[in-house]
Amino acid sequence: AVALACAADLAAAKVYDRCELARELAQRHGVPADEVPVWVCIARHESEFNTTAVGHVGEGGDHGLFQVSDIYWCSHSGRGKACGMACAELLDDDISDDVACVKKIHREHQGLTGNGFNAWAVYSRYCKSPERAAKYVDGCFGGTGNEIAPQAFYGLPPPAITAPPPPVRRR
Numbered sequence: 001a002v003a004l005a006c007a008a009d010l011a012a013a014k015v016y017d018r019c020e021l022a023r024e025l026a027q028r029h030g031v032p033a034d035e036v037p038v039w040v041c042i043a044r045h046e047s048e049f050n051t052t053a054v055g056h057v058g059e060g061g062d063h064g065l066f067q068v069s070d071i072y073w074c075s076h077s078g079r080g081k082a083c084g085m086a087c088a089e090l091l092d093d094d095i096s097d098d099v100a101c102v103k104k105i106h107r108e109h110q111g112l113t114g115n116g117f118n119a120w121a122v123y124s125r126y127c128k129s130p131e132r133a134a135k136y137v138d139g140c141f142g143g144t145g146n147e148i149a150p151q152a153f154y155g156l157p158p159p160a161i162t163a164p165p166p167p168v169r170r171r
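For the sequence shown, our numbering begins at 1 and goes up steadily by one.
It is possible that some hints are incorrect.
[What the hints assert, rightly or not] Here are the simulated BS3-like pairs of lysine-lysine, each with C-alpha atoms no more than 30 Å apart in a straight line:
1) K14 - K103
2) K14 - K104
3) K128 - K14
4) K104 - K81
5) K104 - K135
6) K14 - K135
7) K135 - K81
8) K128 - K104
9) K135 - K103
10) K103 - K81
To be clear, the hints were calculated from the coordinates, so they are not data collected in a lab.
With the sequences and hints as input, model every part of the structure.
As C-alpha cells, then:
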C-alpha cells in the first residue's frame with residue numbers, strides 16, 4: 001500500500017525546466033509578459049522548479065512550486081484559508097490552482113505593499129532586479145534577447161513573409 005501511495009505521488013510530481021515553466025505561465029495561465037521572468041525566478045529559488053516541494057518554517061509550512069504558506073493561504077483540513085484550497089492541491093503536476101492562488105497572493109500584497117512580489121522572501125534578494133529576473137527566461141521564447149515575443153506569448157506562429165523582396169536594379 002505504501003509503494004502504491006509513493007508511486008501515485010511520483011506520478012503527480014513534476015520538476016519543470018525554466019523555459020517550460022515560462023512558456024506555460026505565459027501561454028496557458030495568462031501571466032503578463034513582464035511578470036513571467038519574476039515568477040520563474042521565484043519558482044527557481046523557492047522550489048527548484050519542483051511541484052512537490054514542501055518547506056517548513058516555524059509553525060507552518062510552504063507548499064508547491066511557489067511555496068505557498070499554510071499559515072494564511074491553504075489548509076491541511078480540506079479546502080480553506082484565503083486561497084480556498086487544500087495544501088495538497090499545490091503538490092501535483094497541474095499548476096492551474098497554484099497559479100490562481102499566487103495571483104491572489106500577489107494582488108493582496110500589491111494592495112498592502114505596492115509590490116505583490118514582496119510576499120515571497122526570495123524576491124528582494126534574487127528577483128527584484130529586472131535584469132537578474134530576465135536571465136531566467138533567456139532564450140525561452142525564441143529571438144535573441146530575454147523578451148517574450150508576442151507570437152510566443154499568444155501562442156501564434158511567427159508572421160509569414162507575404163511579399164517577395166523588391167528586385168535589384170543594375171545599371
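Hint check results:
Simply put, K14 and K103 have alpha-carbon atoms about 21 Å apart, close enough for the 30 Å limit, and the pair holds. The hinted pair formed by K14 and K104 meets the criterion: a straight-line CA distance of about 23 Å does not exceed 30 Å. At roughly 26 Å between alpha-carbon atoms, K128 and K14 fall within 30 Å of each other, so this suggested pair holds. Straight-line distance between C-alpha atoms of K104 and K81 comes to about 12 Å, which keeps the hinted pair within the 30 Å bound.
Of the pairs offered as hints, the one joining K104 and K135 holds, with about 25 Å between alpha carbons and a cut-off of 30 Å not exceeded. The straight-line distance between the Cα atoms of K14 and K135 is roughly 22 Å, inside the 30 Å bound, and the hint therefore holds. At most 30 Å may separate the alpha-carbon atoms for a hinted pair to count; K135 and K81 exceed this at roughly 34 Å. A C-alpha spacing of about 19 Å is found between K128 and K104, which places the hinted pair at or below 30 Å, so the restraint holds.
Distance hint between K135 and K103 is fulfilled; the C-alpha atoms sit about 22 Å from each other, no more than 30 Å. The straight-line distance between the Cα atoms of K103 and K81 is roughly 15 Å, inside the 30 Å bound, and the hint therefore holds.
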